[in-house]
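Student: Protein sequences, first through last, are from chains A and B. Take the first sequence: its letter number 124 is residue 1012 in the working numbering, and every next letter is one higher. Take the second sequence: its letter number 910 is residue 1449 in the working numbering, and every next letter is one higher.
Incorrect hints may appear among the rest.
What the simulated footprint calls covered on chain B by chain A, stretch by stretch (three residues with Cβ under 8 Å from a Cβ of chain A suffice, anywhere in the stretch; the number is not a length) [said to hold, decoys possible]: (1) 613-623; (2) 627-641; (3) 942-948; (4) 1353-1362.
Everything labelled a hint here was simulated from the structure, so no lab data went into it. For clarity, every value in this text was computed on a predicted model and none was experimentally measured. Note that the Cβ used here is the ideal one computed from N, Cα and C, for glycine as well.
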Amino acid sequence: EDPNYELKKKIRDAFQVFDRDQKGVCDEREIGTIIRSLNIYPAEKQLQRWIHEIEEEEPTGFIMYEKFETLAVRLLTDEAINHKRNSEDEILKAFQVLDKDKKGYLDAEDLQTLMTTYGEKFMPEEVKEMLAAAVDTEMGRVYYEDYAEILAGD
Amino acid sequence: VLPGNEPPLAVGEKVVIMGKRKGTVRFIGETVYGAGEWVGVELEKPTGTHDGFVNGQRYFTCPPKYGVYVQRQGVTRVNSSAAAASQIQSMQRGRKDRQEAEFKRAFQTWNALEKAEENQYLSQSVVSSRVESLLKSYSPGAASVNGNSAVSVATAAGVSTNFSEWGANLTVASSYTGPHVTWPLTLESVQGVLNHIRTKPDIPIHEKYVCEIVGRASQLFQQRMKDSVHDMNVPTEEGGKMVIVGDTHGQLADFLWVLKQNGEPGPKIAYLMNGDIADRGDYACEIFIIVLLFMLLYPDRVSINRGNHENLEMNRRPAEVGGGFYEEIARKYDAAVFMMFQQLFELLPLATVVSKRVLVVHGGLPRREGVLIQHLRTINRRRQCPVSTDGIEDALMFDLMWADPQDQNGIARASHRGSNCICFGPDVTKRFLGTNGLSLVIRSHEVPENLRGFEDRHEGRLLTVFTASNYCGSTGNYGAVVVFQADLSFSVEEHMAPDLEAVVREYLPEGARVVADLGGTKVQMDKGRLATNMREEVIAKIKDRIAMAKDDLWWYWSQLDRSDTGKVTAAVWRQGMISGLQLDLPWFSLQKDLIEVDEEGYVDYKDFLRRSNALDKTHSALSMHEGWEKEIVNRAYEAFLAKDLTLQQVLRTFDADGDGLVSAKEFRQAIAAAQVDLPEMQMNAVLRAIVPDEEGQLRVESFLERFQVVCSLGDKSSNSADKALLDRIGRILIGTGSRVAVFRTMDLDQDGYVDEKEFLRALELLEKGRTSGLLSREEKQRAWGLIDVNKDGHLNYLEFCAAFKVVDTDTTVSQRVTNEVVESILAVLQKHAGTLSYAFRYFDPKGKGSVSREDFKTGMRALNASMAGANGTGGPLTDDQLEVFADFVDTDGDGNIDYQEFLNAFNPKKVA
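The shape of chain B in the complex, shown without the other chains:
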């Protein structure tokens, strides 16, 4: 089968040079160009350098640019096995490397996005605290449940701060079939729980026992931890060891796998969990229970360091954006249990020194120079991790939880984690270890870039260990633990955990087992498939963010799109993505999955934004009556019409040639000049919807005249003349903000009613200053006849004023406007769902998940106001619209609003 030896090469044969260029041999022999045998080739294409004449020598002749000289070994015969093999090898290597790079990039992007999600939590906290101070001024009487520490929050929620009482009030019904925990704790009892979790992980153990375990563990931490750094030793008994476990993030299969491989905690086997047990995965609670039970049994042998995910507000975020522990506990138990865990978290050490030589910490080293372990000990840990790094102590705590290593010396801002996070270099690690007489730092916090479970950096002084394998079911990384022997020598044990079902089967009684040898399951991950999955996940998340940042993006691109073509260059598009989404991702490689670049290198951003909708996802989930959209938009139109006259005037000044047309940009300027009382983002949304793209210009008259004012009072079957009359009255009414005030002055006895005479006078007053659309006395009298429906000569003017609504007669445009405006409002609410939740909890100390309609409005108003400060664009809704919104959210009309359900509608959905 295999080709045999081939005859020597001859002049005239077809050859391939270095597996690429083809040609014909014209010369073979020695040359002046160098030692050995040379071949002169006339190429098939003019990709050569000469015509056979080089360095004053000619060995053959061919047309210019068709000639090359190469050494014999660089040439293979066409159709020879060697040439064919070279070609296939080149293609195969190319494919492999392309996949490799693709995979690496997919992971990097995925990872950057994941870090950005965590960072969102940090920036959200800043908005939340702004909202909270607003709430304090709006509603000083309300009992705040938000605070710096879980203790204050728990106290407000009615959870006792006496740990030994936790669970005491709960009883276990005889119908409970799960394991029991008895005190004083026995190994048998602990094994019972472990076996239960190993075989029935989806049946939670009884709430009473969870409360007792968390309570007693909190007590133990409180008693033994005089300060914020714990000290542990590797057991010195024969065969003693310590297992250091990195992030597990609720991935129970990984933790059970580690226990299986390394043995359960005991007198000879110590375990140190290096934080981030909570969030993301579904079984953080079970991992905590196992670890805490063993800790209560062997206090010196087991401990947990705090991670950035052992934190109240982080845990409250939905799993899809980095949180999930609250959801998990709420699913299995209730808010009180969650608050107990939070109190435990605030007692966990911020770092642990092992055998006086190794520092184990979740994130990294402090940015500040000369920090001693002694300083870390004095940090007040009984609080939430600070989000600001302005104070010295805050920065110390923050860095221990959040910092990442880098290869460069010094301290740098971490580009993906966000403004306050830092990266520290090898020099920082070296100095810190030297100053403190330590020899190694072990930290966790991130999936190592090499996708192994560990990575040693900083000349071997720093080791990252991450235990959750195939993190989030996406990245295909290995997990690992570090195992120390008594002499402080250590090894790293890597694993790829089987899925939880396979692990469970392993522990089921004999006969039920299916997988005989789990040790053989070394999953070979298909990089191509993993890359595609990660990429799809990334694109879906980016699309979510685009929908939320639509207004910022539109603003950025339209500013640079000077002649309003609706197009920008791909480079500007990418800049806009960085700026609008606040995400520094490899946009060049992402752009092909998001947008089409035309031959001139331009992209149609208007079309891009039109296609980016949060609406279909969040909207259908909103349990609100459909009518709210129209109501909200009517309020928006009203804002335009209220400035009817001013707008017309301003627009006329822009329309110099009097052709009735202005550009979209001029229209925007006119709206600003007329001071239309509408949040800027709604204004932008209206603009996006009404400007016809084809012409790029707007007919001034038609914009304002399209609106019709209708009155819901009066004769429903009135003829068109009557309708026109009511429209004119409506315009007069809406064109002044003081219409109710005018009527109030007419209504001398303040009973809420006016009669015909007073009505006529009120209209006259409102007409003052108008030059067009004035009504004759006769018309006003006719209007009275239409409005005074029951002919009793009295008119409730409040009802009368409220009865006028603005509608858009152009239903196509109207539908577009409605979509855009509603979309922009929903996007803001989605973006700030976390902050809103924080605001509503201000009024809901017990965590019932509902607030009164008034408190709901106050919470929304605080969000509105907090945004006004940030960039001057104001919040998403006007006060008027807020009323409408609250009415519609209060679906059962009982005056209470289930805000939890409301906010759930804004959670990003899991990507399938």
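Just chain A, with the same shape it has in the complex:
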């Protein structure tokens, strides 16, 4: 009895969403989405390292399931603590760091600038998506207390 049997089943299910012909292979560009769909929240740099770790010696642009499974099991067991989703409180604190004037909200424009200037910068498409979900359209503001709850919630 493999103690990780159910876990592997979960990993396989997540992988198969992107493995169209069910061949046990998927495009490496989808790996980030698969990993995040397993509730693992890496930094972009970290993600690139993982992909490098599991790609073939002669990279083909495709990732084999077996290697992915080994990585994912590790990430969901031993290393789980390193990449878990932040709590609502932690996310709220991060927003508060950005809200220098302690207004309780960020203007949409400011959030856009922050997200495309600092950290692991957002591409225009990404920032657009975030704004669409986060901005209170009437005021043009992001009331981040609400949004932190959304990010931390289901």
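Assemble chain B onto chain A, guided by the hints.
Tutor: Structure of chain B alone, referenced to chain A:
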């Protein structure tokens, strides 16, 4: 507002590594680990790899497992904007990707289920043909209306096969306010109909015109199509083009939108509809009318390929399980119009070659190697699409209608579409095009996985085009058409159609318009909401299927539940779902919406099945008298009691320690050994209901003694001693199947009556072989006194035998048994409603929707018998129960049964 430049990092500051792990800076500077600036960090948690000592070098010291070295750019100051931004970005990316994956999975599951529904049609057809051959042997005289082709069915229904006569006998009343169609057809006339449909889609055009249009179109197809493949050219006039339209499935808004965007068919604009106009949506009829009218006006410019939904038995299925065209036509017109459409469908080309270079076909390419277009031309299309692929020609036709592409080379079974369907790889497409001197295949048949209206695959040699946007109002996909120019260059036009009301408003007279610019309606679909909706739809459909497959599921899990705990592991539960429902879905992700897994990883399948009820949905819709349930269950009890003695004996052999207890499993074995004459699924249902879960064991005596035999004759107010006496007689009677035969031998003059002497002798004969429960002569005489109600010294023994009923004295258990048994019967009927409909139509060539009580029984009996062959479990009902059932379905007692209404009760309900 924005933070300015920050001072350089210093030892002792709190930092975050790659937006995740927190710690304190213990070192900054160059190291032997690599070029550039490095930072040594003591982490807050022991998630590091060392204590500061790595590769023979130490730059700082901390407790073991708390140390890491990272490059400078991997570190951000806690509370710095960069760290905060990284953290939020990581969460935002996570949320987006989770939604993306969730949505994709929801669509895949939804799509797999939709394909499985279509596949159900294929497996149902196999059962139907088995039932039909049984019916032929039971009732050879009846005129079969089911056949291989619509022509034979239509002929039996009295629809003329002379197309030019269609509609001739109909007149248009002066009160009719819709558009008129005159012959020879004029553009004005066609525009009139188009405008009517665009503005009043819910007022059907007159039946006479529909018949005429379908008739003339059939005639045109018959005349111009010498074989099964059509040839068309892109108009070569200046500005000429051809629009290829994929599945529309009755979604009128999409088709009107395409006409608006690309122009109406005409000398310069050709249209080719690539099948699956029919089924699912509400306006297939209107789409056909528009296309056929333009085709009659511009024969070279318009055509329709046949799809797997231009098919008689498929169209007869309810919309919720993939059909709907019959319902649509029945709602607007009648069965005769439906049969006319069916004859048209069987004249449609199976594929079209455009300008000698492009093959347009609904499904896909044949599995067989070396097939030439020439071979496709010779297929006999004037029939229903075959469901078997055993014959060469059948397989060719089947693949053109049903196949899907795959990325892998070769041919593979399509896991979701079911056994006969195939997927074909890029090599197959390449070879087929090469052999036939073609350059492109355009096909439709499925919503592209990318949820666009099109998808090119097989290195650009194959294009899927699907035109119904937001298919079934569920999937949020775009629709598209392919537009060819005369030089065979092409473009794909995608769209998201506004809803029909918005399109209608667009064409209403000036002033009534509300939406000014429909072109601006590019609906941004909310993926989260779409995913939730699809998921809910999927779960509801799965629950339906669970209710229908309860017996199979119960069997699967209970076999693997060796010690009868009522629980199995989640893995076994999932295997059971695959096997019992015949559905290979991502059960791991679905399980959380269906069942609770306990801490040890087990699920309570008994509770799961108890909660899965088809009953509340179908039962209330059944127009039957409530009493039928009790009657059916009484017959089931009777079957047990008939084996009373044998059962007791067998059970005693299982009960080695004589404590009167046996396990549920032993009880099941005993029932099998005693050969209780009851369909297995009813037996299972009884078992599910009577075994007390807490103990897992059954008290043998109490099971059999709980039953009481009551006699509906005799003194109603009789005392308990009399009741006990009748119970004992009842047991003797029921314990032998030959009770009527015994009385018949007593009844020498065969007048149906016996007297007291004969009665006593009959009982003696029936008692032979019994060792317990024997009656004394005095008791028998007393019984006679009770039964001979009118004291005339004669007894109608047929009435007498029928008067005894078995009831369960434990009303709680009895109620459970009744629910389970009735449930299992209804589930089977629901599962096979399509086949039953097929069986009843055997006796109803004109499609009136009703059959005689006898024919109803014969149809049910055929279903029963057809199932006995499949897995040896037998049908849902015994012959006895069939009688009861027919009595109760025949509500008005006129000897005819409205089977259409009866079957409607079993249709799955639309998910709100």
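Student: Hint by hint, say whether it matches the structure.
Tutor: Tested hints:
1. Coverage of the stretch 613-623 of chain B by chain A holds. Counting CB-CB distances below 8 Å, 8 residues qualify, and the rule asks for three or more.
2. With 14 residues carrying a beta carbon less than 8 Å from a beta carbon of chain A, the stretch 627-641 of chain B meets the three-residue requirement, and the given coverage holds.
3. Counting residues of the stretch 942-948 of chain B whose beta-carbon sits less than 8 Å from any beta-carbon of chain A gives 3, enough to reach three: the coverage restraint holds.
4. Given a C-beta distance limit of less than 8 Å, the hint that chain A covers the stretch 1353-1362 of chain B is violated, as 0 residues qualify and 3 are needed.
Hint check: a violation occurs at hint 4 only; the rest are consistent with the structure.
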